[in-house]
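Asks: Modelling step: build the complete structure from the supplied sequences, incorporating the hints.
Residues 6 to 206 (the working numbering) make up the sequence shown, in order.
If you're looking for bench data, these hints aren't it; they were derived computationally from the structure.
Check before you lean on any hint, since a few could be wrong.
[Said to hold, decoys possible] Below, in silico cross-link-like pairs of lysine to aspartate or glutamate (EDC-like), each with a Cα-Cα straight-line distance of 16 Å or less:
| hint | residue 1 | residue 2 |
| --- | --- | --- |
| 1 | K47 | E33 |
| 2 | K35 | E162 |
| 3 | K35 | E61 |
| 4 | K68 | E33 |
| 5 | K187 | D70 |
| 6 | K103 | E135 |
| 7 | K141 | D170 |
| 8 | K121 | E100 |
| 9 | K68 | E36 |
| 10 | K141 | D155 |
| 11 | K121 | E173 |
| 12 | K121 | D170 |
| 13 | K141 | D165 |
| 14 | K68 | D165 |
| 15 | K57 | E39 |
| 16 | K35 | D85 |
| 17 | K187 | E37 |
| 18 | K57 | E42 |
| 19 | K103 | D127 |
| 20 | K57 | D74 |
| 21 | K68 | E37 |
| 22 | K121 | E162 |
| 23 | K125 | D155 |
| 24 | K150 | D85 |
| 25 | K57 | E37 |
| 26 | K121 | E171 |
| 27 | K84 | E173 |
[What the hints assert, rightly or not] Cβ pair distances, simulated, as ranges:
| hint | residue 1 | residue 2 | range |
| --- | --- | --- | --- |
| 28 | L34 | K187 | 18 to 24 Å |
| 29 | K68 | Q128 | 37 to 43 Å |
| 30 | H29 | F143 | 30 to 36 Å |
| 31 | E39 | P11 | 42 to 48 Å |
Virtual Cβ for every residue (Gly too), placed ideally from N, Cα, C.
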Amino acid sequence: MPHYQPPGATLFVTFRLAGSLPLHIIQELKEEAERVEVELAKITDKQEQDRKRYDEQRRYFGKFDAFLDCALTGPTWHKDPFIAVQVKNSLHFLENQKYHLDSYTIMPNHAHVVLKPLPKNDQKFFGLSEIMHSLKRFTAHEANKILNRDGPFWQSESYDHVVRDEAEWRRIIRYVVYNPVKAGLVKNWQDWPWTYCPFDV
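Replies: Rendered as structure tokens:
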């Protein structure tokens, strides 16, 4: 679900392992999104349409992430600490090179990150697609070596959302750090070893 990337915007990104959701769930989500777009197209007031789209995108993401949290099939390679640490180190390696890193959490089959792309030398900002390509390429290579396997490690598409204001930023940061708690992995968010958040939540 790609979004426009305004210059200087902070982005909330969710990316998942290849095959982490069954095809029938992906199809269900796709058909639901298509039905919503048909209904949104009927709204003539642009402001009302934007508000409804924002609400529907939040609902869509909540459903999408819930499926990931309770998935009974598909890979959970991030449970291997040697793999999770590759993702963690890569996120920090690119920090202050291509983006400012606000927060992340690495779940068994997906990851959430809040980041702000930095400007390049020509004053254009690093694109999210470039950032994700760098992150996914390296971690996929290292993880596949650990797993002694070939083939896709990450799902090609990611979910991304432009953070609108500070209030939404705070809500998203809380969502990210509490995801392991919500999924029943720990009781306190600070106990999850693959969460980073330098802010008070």
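Asks: Now, for every hint given, state plainly whether the structure supports it.
Replies: To see whether the hints hold, each was checked on the structure:
Taking the CA atoms of K47 and E33, the gap is about 22 Å. The hint is violated against a cut of 16 Å. A C-alpha spacing of about 13 Å is found between K35 and E162, which places the hinted pair at or below 16 Å, so the restraint holds. Proposed proximity of K35 and E61 is supported: the alpha carbons are some 13 Å apart, at most 16 Å. Between K68 and E33 the alpha-carbon distance is near 11 Å, which keeps this suggested pair within the 16 Å criterion.
A threshold of 16 Å between alpha carbons decides the hint, and for K187 with D70 the separation of about 11 Å falls inside it, so the pair holds. A distance of roughly 9 Å separates the Cα atoms of K103 and E135; the hinted pair therefore holds under the 16 Å criterion. With a C-alpha separation of about 28 Å, the suggested pair K141 and D170 falls outside the 16 Å cut-off, and the hint is violated. The straight-line distance between the Cα atoms of K121 and E100 is roughly 10 Å, inside the 16 Å bound, and the hint therefore holds.
Annotation: proposed proximity of K68 to E36 holds, straight-line Cα distance about 13 Å (limit 16 Å). For the given pair, K141 sits about 14 Å from D155 by alpha-carbon distance, which is consistent with the 16 Å threshold. Proposed proximity of K121 and E173 is supported: the alpha carbons are some 14 Å apart, at most 16 Å. Only pairs whose Cα atoms come within 16 Å are accepted, and K121 paired with D170 is accepted, the gap being roughly 13 Å.
Straight-line distance between C-alpha atoms of K141 and D165 comes to about 15 Å, which keeps the hinted pair within the 16 Å bound. The straight-line distance between the Cα atoms of K68 and D165 is roughly 15 Å, inside the 16 Å bound, and the hint therefore holds. Proximity of K57 to E39 is assessed by CA-CA distance (about 14 Å); at most 16 Å being required, the pair is judged to hold. Taking the CA atoms of K35 and D85, the gap is near 31 Å; set against the 16 Å cutoff, the hint is violated.
Between the alpha carbons of K187 and E37 the distance comes to roughly 24 Å, so the proposed pair goes past 16 Å and is violated. For the hint linking K57 to E42, the alpha-carbon distance of about 10 Å falls within 16 Å, and the restraint holds. For the hint pairing K103 with D127, the CA-to-CA distance comes to about 13 Å; that is within 16 Å, so the pair holds. At most 16 Å may separate the alpha-carbon atoms for a hinted pair to count; K57 and D74 exceed this at roughly 26 Å.
Note on K68 and E37: the hinted pairing holds, with a Cα-Cα distance of about 11 Å set against a maximum of 16 Å. Annotation: proposed proximity of K121 to E162 is violated, straight-line Cα distance about 19 Å (limit 16 Å). Taking the CA atoms of K125 and D155, the gap is near 33 Å; set against the 16 Å cutoff, the hint is violated. For the hint linking K150 to D85, the alpha-carbon distance of about 13 Å falls within 16 Å, and the restraint holds.
Between K57 and E37 the CA atoms are separated by roughly 15 Å; this keeps the pair inside 16 Å, and the hint holds. A C-alpha spacing of about 13 Å is found between K121 and E171, which places the hinted pair at or below 16 Å, so the restraint holds. Between the alpha carbons of K84 and E173 the distance comes to roughly 30 Å, so the proposed pair goes past 16 Å and is violated. The hinted range of 18 to 24 Å is satisfied by L34 and K187, whose Cβ atoms lie roughly 19 Å apart.
Restraint check, K68 to Q128: a C-beta distance of roughly 38 Å satisfies the suggested window 37 to 43 Å. Roughly 32 Å separates the CB atoms of H29 and F143, a value that falls within the hinted 30 to 36 Å. In this structure the supplied range 42 to 48 Å is violated for E39 paired with P11, their Cβ-Cβ distance being about 26 Å.
Violation of the numbered hints given earlier is confined to hints 1, 7, 16, 17, 20, 22, 23, 27 and 31; the remaining hints are satisfied by the structure.
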